[in-house]
Amino acid sequence: MDATGLVVSSSPHQRTAVSTPVIMSDVILALMPASLAGVWFFGLRAFAMMLVCVVAAVATEAGLEKLFRKPITIGDYSAAVAGLLLALVLPPDLPLWIGAIGAVFSMAIAKFIFGGLGQNVFNPALIGRAVLLASWPVAMTRWRWPLFEAAWISDFDALSSATPLALLRLGGIKTPYVNLFLGNVAGSIGETSALAILIGAAYLIWRGHINWRIPASFIGTVAVLAALFGEDPLFHMLAGGLFLGAFFMATDYVTSPVTPKGQIAFGIGCGVLTVLIRLFGGYPEGVCYAILIMNSATALIDRVTVPRKFGEVKKGA
Amino acid sequence: MVAKTFRGGVHAHYHKEDTASKPIRRLGPPGRVVISLHQHTGAPCEPLVKVGDTVKTGQKIGDSPARLTAPVHASVSGKVVGVSPHPQSGGREVLSVIIESDGADTLDEHVEPRRDADELSADEIKTIIREAGIVGLGGAAFPTHFKLTPPPGKSFDTVIVNGAECEPYLSADHRLMVERAGDVVDGVKLLLKATSVKKAYVGIEENKPDAIEAISQAAKSDERISVVPLKVKYPQGAEKQLIWAILGREVPSGGLPVDVGVVVNNVGTAAAVKDAVCSGMPLVERVVTVAGSCIAEPQNVQVRIGTLLSDLIEACGGCSSPPAKIIIGGPMMGVAQFTTDIPVTKGTSGVLLLGKEEAAPAGPMPCVRCGKCVEACSMRLMPLWIASYAEAGRYGDAERVNALDCIECGCCSFVCPSRRRLVQAIRLAKSEIMARRRKAQAS
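Each protein sequence line maps, in turn, to chains A and B. Mapping to the numbering used here: the first sequence position 53 is 53, numbers consecutive. Mapping to the numbering used here: the second sequence position 79 is 79, numbers consecutive.
In isolation and in its complexed conformation, chain A is listed as follows (with noise of 0.2 Å):
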């Protein structure tokens, strides 16, 4: 047999089909219930931010990637999850082109000038809603209610722009869970909906492009600490972006570390910091900064918990 042309490479000769850009269309897929409720509870305007901060980030992302002679990688995705988290993480009436100059900052300061993809310390959309609160201050506090959402606070009027972290730091109002559950509450497009963001994240389980790791130490930290500053650990699992930042955000391959060690770890880092920033910092909100924050110390984790190598033991013991 003419055998000329054989492919002759080095095993393995078979691979997953599990790529990074399926992993990222599954992420923005594992995204859709909580962009939907983003909508159904914020209206169009949602969907608005949703389209221009994905197509800030993506156009951002070619762009540079144009100017600089580098090859176009807007194809494995990343870009437009990056654009779509920045949207979920944005209040619903900020002015659009306050949430494109965000979407531009993620790409082009945290994510293209330390390399691109798999090169960036920090969370690319965690960078842009910090550099954005830092900026715009009042126009990123600016909250409502969700459309139709009938008042249930008697005093509605002065509290009606406050999320249920604020309620309760400011007023001493502690929102019903169901409400929290469900979504109907004030906050960041995708953020109010417990229950959207633990479908999706069911998703990337069962897919496999997360694990328990990360989410499990990070919200697990939050309600336990909590419950021993005597807080609601129930009311702090389920308010604000906790579970959003614990399953989308903490997870963020890049920033995260890689050992199953070190995951947990990061997530116990990010639940303390959140809760020390909940009950003690300046915002109401810590889930950002303490992923962040975690975020500088991925390399070092990732040192220190190095597993320990298969048959690495002490002769005879």
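Derived from the structure by calculation, the hints contain no laboratory data. Nothing false has been slipped in among the hints.
In the DSBU-like style, the derived pairs of lysine-lysine whose C-alpha atoms are separated by at most 30 Å in a straight line are:
no.: 1; chain 1: B; residue 1: K79; chain 2: B; residue 2: K50
no.: 2; chain 1: A; residue 1: K309; chain 2: B; residue 2: K4
no.: 3; chain 1: B; residue 1: K231; chain 2: B; residue 2: K4
no.: 4; chain 1: B; residue 1: K154; chain 2: B; residue 2: K199
no.: 5; chain 1: B; residue 1: K199; chain 2: B; residue 2: K231
no.: 6; chain 1: B; residue 1: K4; chain 2: B; residue 2: K16
no.: 7; chain 1: B; residue 1: K231; chain 2: A; residue 2: K309
no.: 8; chain 1: B; residue 1: K16; chain 2: B; residue 2: K356
no.: 9; chain 1: B; residue 1: K154; chain 2: B; residue 2: K193
no.: 10; chain 1: B; residue 1: K198; chain 2: B; residue 2: K220
no.: 11; chain 1: B; residue 1: K199; chain 2: A; residue 2: K309
no.: 12; chain 1: B; residue 1: K4; chain 2: A; residue 2: K261
no.: 13; chain 1: A; residue 1: K261; chain 2: B; residue 2: K231
no.: 14; chain 1: B; residue 1: K231; chain 2: B; residue 2: K22
no.: 15; chain 1: B; residue 1: K154; chain 2: A; residue 2: K309
no.: 16; chain 1: B; residue 1: K16; chain 2: B; residue 2: K231
no.: 17; chain 1: A; residue 1: K309; chain 2: B; residue 2: K439
no.: 18; chain 1: B; residue 1: K60; chain 2: B; residue 2: K79
no.: 19; chain 1: B; residue 1: K60; chain 2: B; residue 2: K50
no.: 20; chain 1: B; residue 1: K4; chain 2: B; residue 2: K220
no.: 21; chain 1: B; residue 1: K231; chain 2: B; residue 2: K198
Not everything, but these chain A residues come out facing chain B in the computed CB check (under 7 Å):
no.: 22; residue: S10
no.: 23; residue: S11
no.: 24; residue: H13
no.: 25; residue: T20
no.: 26; residue: Y253
no.: 27; residue: V258
no.: 28; residue: K309
no.: 29; residue: E312
Ideal placement from N, C-alpha and C gives every residue a C-beta, glycine not left out.
Here the structure of chain A is known, so what remains is to put chain B in place on it, guided by the hints.
Coordinates of chain B only, in the frame set by chain A:
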């Protein structure tokens, strides 16, 4: 019983359905065989025949006085038409004896059934194994008699027989266990005797329930032999992982199974031992899985050592479509070939013909630090680190992060969503590190 396993590993697409249920087909002697004089780990053999000699099936045609070696035998009767270098798996040219078959398949007079198998001593069994040219049939081809002899100061307490067959596509061991369970078990008994050990475990993956059943039945009357169902996971059949799964013992880094008192042999090896001891037949044929999307009739065939891949493919109906990649072994650790003018050797467990799509090399994308390689590593290493050091030429750093502990199972490359060539880079690091060590020793 709960299936045993190890930490790490991957779930590959198994592709065993095409061959696992078909009986082994025994092929007659081909017109010509190319018998490599170096089919095993260790020293190559010197030819004992010259061009023009007539040889008989089972006749020894190559041997070496070296300690770590195994003789080779004629797998057909006929005439030696060449003693010359011939390409072997991987492209290496190896001195080989080329025999033109006379079609008669006349047995060598030394091959005769033995009636006193029960009265053989451990050393006699090992001598028979050596003279029969038996090497590990799982693929590594380490001379079996050598493996059965513990180094001074060490001893065995357990024999593990490897019927895991965790490589996708391959089902040669599976069929052997189903069809020749009695011979496998007899071989295990001989291995126990040869090593003076009182306990043997046969590890079989759970996706071969008929093999588990057959071996359990055959071993029922001998309480020294236990069948252990194993989880279906690659690399379940890797020596260190197998020992951990069955015994919970960890082979120390840089060590060998004997360091924890274990000797591991493949089920095919056990059957070959039984053949050699009872029928006197040296290792001149083996079961090979011929599979892949481009072979017309995927099946398990018992073929003569030295059969050329081209003849083997022909015997399996030829190619149904032009193959883009031909692999000897399994897809996880097998070696891609550039020609079919290559003989089956003792270590050939499978021949896979893959199509264009399966062979298409995917370009590497940036590492996204997903950690999947860390979770998949059956040695619990950090493949992403070792590979990136290796790619940067920082072999000292690669060594520091345990490159040499890599067993090259390929799980890291398999799971990598960015299609990075992790195990390939680690292999490079290992060979560089070893080369530097040799250089340092020499100077």
